[in-house]
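There are 2 protein chains.
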Amino acid sequence: MICPVILSGGSGTRLWPLSRQAAPKQFQRLLSGRTMIQETVARALGEGFAAPIVVCNQRHRFVVAEQMRELGIAGTRIVLEPVGRNSGPAILAAAFMVAEEAPGTVLWMMAADAAISDEPALRRAVAIAARAAEAGHVVTFGMTPTAPETGYGYVERGEPIAGIEGAYRVARFVEKPDRLTAETYLASGGFYWNAGMFVFTAATLIAEFEHHAPDVLASVREAVARRTTETDFIRLGADAFTACRNISLDYAVAEKSTRNAVVPASLGWSDVGSWAALWELGAKDAAGNVATGRTVLVDARRCYVRGDGTLAAVVGLEDVVLVATPDAVLALPRERAQDVKAVLDAIKTPRPDGERLDSIPGIV
Amino acid sequence: MICPVILSGGSGTRLWPLSRQAAPKQFQRLLSGRTMIQETVARALGEGFAAPIVVCNQRHRFVVAEQMRELGIAGTRIVLEPVGRNSGPAILAAAFMVAEEAPGTVLWMMAADAAISDEPALRRAVAIAARAAEAGHVVTFGMTPTAPETGYGYVERGEPIAGIEGAYRVARFVEKPDRLTAETYLASGGFYWNAGMFVFTAATLIAEFEHHAPDVLASVREAVARRTTETDFIRLGADAFTACRNISLDYAVAEKSTRNAVVPASLGWSDVGSWAALWELGAKDAAGNVATGRTVLVDARRCYVRGDGTLAAVVGLEDVVLVATPDAVLALPRERAQDVKAVLDAIKTPRPDGERLDSIPGIV
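So the sequence lines, in the order shown, correspond to chains P and D. Here the first sequence is numbered in this note's numbering, starting from 274 and rising by one per residue. Here the second sequence is numbered in this note's numbering, starting from 274 and rising by one per residue.
Be a bit skeptical, because a hint or two may be false.
Put simply, identical chains are the same to the list, so a pair is met inside one copy or across any two.
Straight-line alpha carbon distances no greater than 30 Å define the calculated DSBU-like cross-link-like pairs of lysine-lysine that follow [as the list claims (entries may be wrong)]:
#1 Lys-614 / Lys-557
#2 Lys-449 / Lys-621
#3 Lys-449 / Lys-614
#4 Lys-557 / Lys-529
#5 Lys-557 / Lys-621
#6 Lys-621 / Lys-529
Honestly, the hints are just simulated from the structure, not real lab data. All figures in this text were calculated on a predicted structure; none of them were measured in a lab.
The following block holds chain P by itself, in its conformation from the complex (with noise of 0.2 Å):
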């Protein structure tokens, strides 16, 4: 049985204005008529998979639990964080849990807010992850690349682990490459997209933070021995928690063990990680046009256009995204997609008139 935990600590601001603070990314319905956290969660169940642990923070714990009763699986245990603390601290209290019961459990942890077209494959890559970690290792996914991205980490393979088909060694982990890099990588055909997708087990999990980070294992182990079990939701002990640093399994544990294995794969993986992504990813009109939700183009051409409670109409206009809310709209070209923070910012600027558009409720 492989336990998957997925971490819904992602805020998704990029995607503003239809992810916002109260209700990011991964409970948004960017692809289908399913959220973000829905798809997620339905692509690791049936069998040879235990209920799904979700992480999440404590203010979002009505959403999560609705939408996990919206897709109608029972016994997913929801897990409150009384702070984010980033995915090293989120992970590792699912593993301590876990492990209580069964330290062998195989775990695969997961992001809320990432697409994934090819399921099929994404089953054979976890078989194939499963053994990995079975045998000890803390196995990464590498999806094998289909543009010289920079907006990735990477992960470089290294020899093949015996016994363990499609299974390699981590040569390195690499941090977001600039252009030049990203095409070398490309071309050289041994590094892959680093999707923060990981399977380990429990046992494997802590015994590498003991090793590499002591003393978030110290935090995190005391937030779960002083947690609270109710009906719907575990809550973390908040003091230790709230104690713990702030890391991500990467810098904690995965750029520092010996114990690294990667499964390439190619999945049709994305971070949706902006509008232009979910451009990308969208079914497109003859004009290549992704219209979603109330929507009116006229000769518009390869638009993202939205509208989520609210019509949007666009005449004439060529690769831009318009995102319309009944409260927030926001139009830019699709290439400057990644600019969607200079709003953000400017929202929390005060003006000129003294206005502060960050007091208007719920405007980020």
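Given the coordinates of chain P, assemble chain D onto it according to the supplied hints.
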């Protein structure tokens, strides 16, 4: 005393999504904290002017009354049309009512939704027009053209009228010209934009209708005779008014009359006929943007951005109009501002999935 008659019959569809059937352009705060009809009425207050008459569709009666109340003026007569029948019947109804007491009264007819920036020049032009009207003329104002506009009708100046400096006979009215013709008009110096503002006495207007459109005269006379007067509103007789032809004052009288006069003037007049016109009229920032309401602009140039009850954010766009309201949003290049109509047509067309966008309450 000059009696201002404000015709509030426009639909302002080219300013969708701000302008709607329920609250068209003249009731919107487009250029200042006042609505267009408030700006219009305010131009015709003070010494020498009687309390204004507003003729509007009965469905807009409370909006008009409230906007007059906001303006703090008393005594406005609000005349309600059961249906719109264009400017001819509307101004004639006002003329009949005024003529009951004083047929020699000078009426100044104007649309409720135009912009005029030079009010002293306007007062001077109205004074000249009133003298010509008292001499029995049907007087129009000729706006000195500043560009070869193809969206306006033109009026050609004839001989000066003896004894009334600044007033001329009308050589002819011409419909909206093509570009080449408009350029000829601009170069010739004898042609003016027909702003649809007229001055005449009530008696002259009634006589002109009697001569050129006796059927309209008969219908409107009966509608006025059968009017009911309430505290706040004067309701025209519905059957008679509804039976009347739909006809503009230009068609019914001005283009046929032998008593036409024109007063040329430079008033900074605009019919505010599109979002592009509002950009032209608006105060611009250093990058040439006009921003109104709740807006965020990052690297935008020469854009018109409006957030009405919602936040409108633009990044990196040039020469684009973005108008955002809570239930509908429009984005288009400024030079395609006339194509708002295509959006309205699309809204009224059933969609492939059977959804009718025009079933959304108040969307058009």
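Consistency of the hints with the structure:
Taking the shortest alpha-carbon separations for Lys-614 and Lys-557, both the intra-copy value of 26 Å and the inter-copy value of 25 Å come in at or below 30 Å. For the identical chains of this complex, Lys-449 and Lys-621 are intra-copy neighbours only, at 28 Å inside a copy versus 49 Å across copies, given an alpha-carbon limit of 30 Å. In this assembly of identical chains, the alpha carbons of Lys-449 and Lys-614 lie at most 30 Å apart only when taken from the same copy (19 Å versus 47 Å across copies). For the homomeric pair Lys-557 and Lys-529, neither the shortest alpha-carbon distance inside one copy (43 Å) nor that between copies (56 Å) is at most 30 Å.
Taking the shortest Cα distances, Lys-557 and Lys-621 sit within 30 Å of each other only across copies (23 Å), while inside one copy they are farther apart (35 Å). When the C-alpha separation of Lys-621 and Lys-529 is checked against a cutoff of 30 Å, the pair qualifies neither within a copy, at 37 Å, nor between copies, at 62 Å.
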